[in-house]
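**Student:** With the sequences and hints as input, model every part of the structure.
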Amino acid sequence: MKQIITILLFFFIHTVYHGQSVKKLNDPAIVSQEKRAVFESWGDWRPYPKYNFLGIQTNFAYATVWGMWSPRINQDYKDGADLRPLKPNGTEVQRLATVKVEESKAEQIKTEYDTIYKRNIQDFAHWTATTVDADPLWLLYYKTMLRPLNEFPDDPQTAQDWGIIDPEVFKIMQWSGKIDRLKEKLDLLKEKYKMSRTMDMPRGKRFLMYHETLIGWRELLTTIRNNDKTMSLSMSYKKKVDEIKKIFQPQTDREIVASIMTKYKNQF
1 MKQIITILLF
11 FFIHTVYHGQ
21 SVKKLNDPAI
31 VSQEKRAVFE
41 SWGDWRPYPK
51 YNFLGIQTNF
61 AYATVWGMWS
71 PRINQDYKDG
81 ADLRPLKPNG
91 TEVQRLATVK
101 VEESKAEQIK
111 TEYDTIYKRN
121 IQDFAHWTAT
131 TVDADPLWLL
141 YYKTMLRPLN
151 EFPDDPQTAQ
161 DWGIIDPEVF
171 KIMQWSGKID
181 RLKEKLDLLK
191 EKYKMSRTMD
201 MPRGKRFLMY
211 HETLIGWREL
221 LTTIRNNDKT
231 MSLSMSYKKK
241 VDEIKKIFQP
251 QTDREIVASI
261 MTKYKNQF
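Note that UniProt numbering has the sequence shown beginning at 1, numbered continuously upward.
Calculated from the structure, these hints are not laboratory results.
Don't take each hint at face value.
The list that follows gives simulated cross-link-like pairs (lysine-lysine, DSS-like), each with its CA atoms no further than 30 Å apart [claimed, not checked]:
id: 1; residue 1: K171; residue 2: K190
id: 2; residue 1: K183; residue 2: K194
id: 3; residue 1: K110; residue 2: K100
id: 4; residue 1: K87; residue 2: K100
id: 5; residue 1: K205; residue 2: K194
id: 6; residue 1: K87; residue 2: K35
**Tutor:** Dropping the structure here:
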C-alpha cells in the first residue's frame, strides 16, 4: 500500500512539473519585426535570403515572407518608407510632442485663467463698497486726512462750528453771503466723500475721489482762514481809525490862526 502511494505521488509531481513548464521561443524574424514596430531598427529583414553557388535563392521562408512568393503588401512594406512610430520623426513621436506642446499650452492657459480669476476677485473686492475700510492706502493715509471733513458739522450754525475766531467776523460773513457760498462748497465735499465711501467703483477711481475731496477740503479750510484773517484785520483797522478820529478834532483855518495867536500873544 505504501509503495502504491509513493508511485502515485511521483506521477503527480512529474505531471505538475512538466505541465507548468513553458518553453521560450526565440524567432529572430519576430524579434526584428518587434524592433521595426517601435524604434530600434528598420533594416533587419529576417528571414535572410540564402543563395546557392548558382545564385538562386533557396530559403523558402524568405521567399514566402519577402521574396517572389510573398504577398504584395509585404514587398511594399519592405521597399517602402521607414514606418517606425517611435523613430525621431515618427508619428508617435510627433503625437507625443504635440501632446507635450498642448499640455504646455493648456498649463499656460490655466495659469492665465487663474491669474485673471484672481485679478477679478481682487478687482471685485476693490469694486464693492463693503471692503473699503480694509484698503491699506485708506488706512495709512486717507482715513486720517479726511477725518476732519467727516467730523465737520453737516450744518454749521455758529462761528465755532466754522472755526472762525471772531464772532463779529462771522456775522459780517453771514451778512455778505460768504457763509452761504462756503456752505455750498461744504455740501459738495460732504456728498463727494459719501459717494466715495458707499458706491461700488474701481479702486483707482475711488482714490481719485478721495484725493479730489481732500484737495477741496484743504481749499475750503484755506478760504475760511483767509476770510477770517482778512476781515479781522479790516475790523482792527477800522477800530484804529475810529479811535484816531475821536482823538483828533479837525479845525478850520480861522480856528487854527486864532489858537496860534492865543498861544504866542504874550511872547512878542
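**Student:** Indicate, hint by hint, whether the structure satisfies it.
**Tutor:** Results of checking the hints against the structure:
1. K171 <-> K190: Satisfied, since the Cα-Cα distance of roughly 24 Å is no more than 30 Å.
2. K183 <-> K194: Given pair K183, K194 holds - Cα atoms ~16 Å apart, limit 30 Å.
3. K110 <-> K100: 15 Å, holds
4. K87 <-> K100: Within the cut-off at roughly 17 Å; holds.
5. K205 <-> K194: 14 Å, holds
6. K87 <-> K35: Given pair K87, K35 holds - Cα atoms ~11 Å apart, limit 30 Å.
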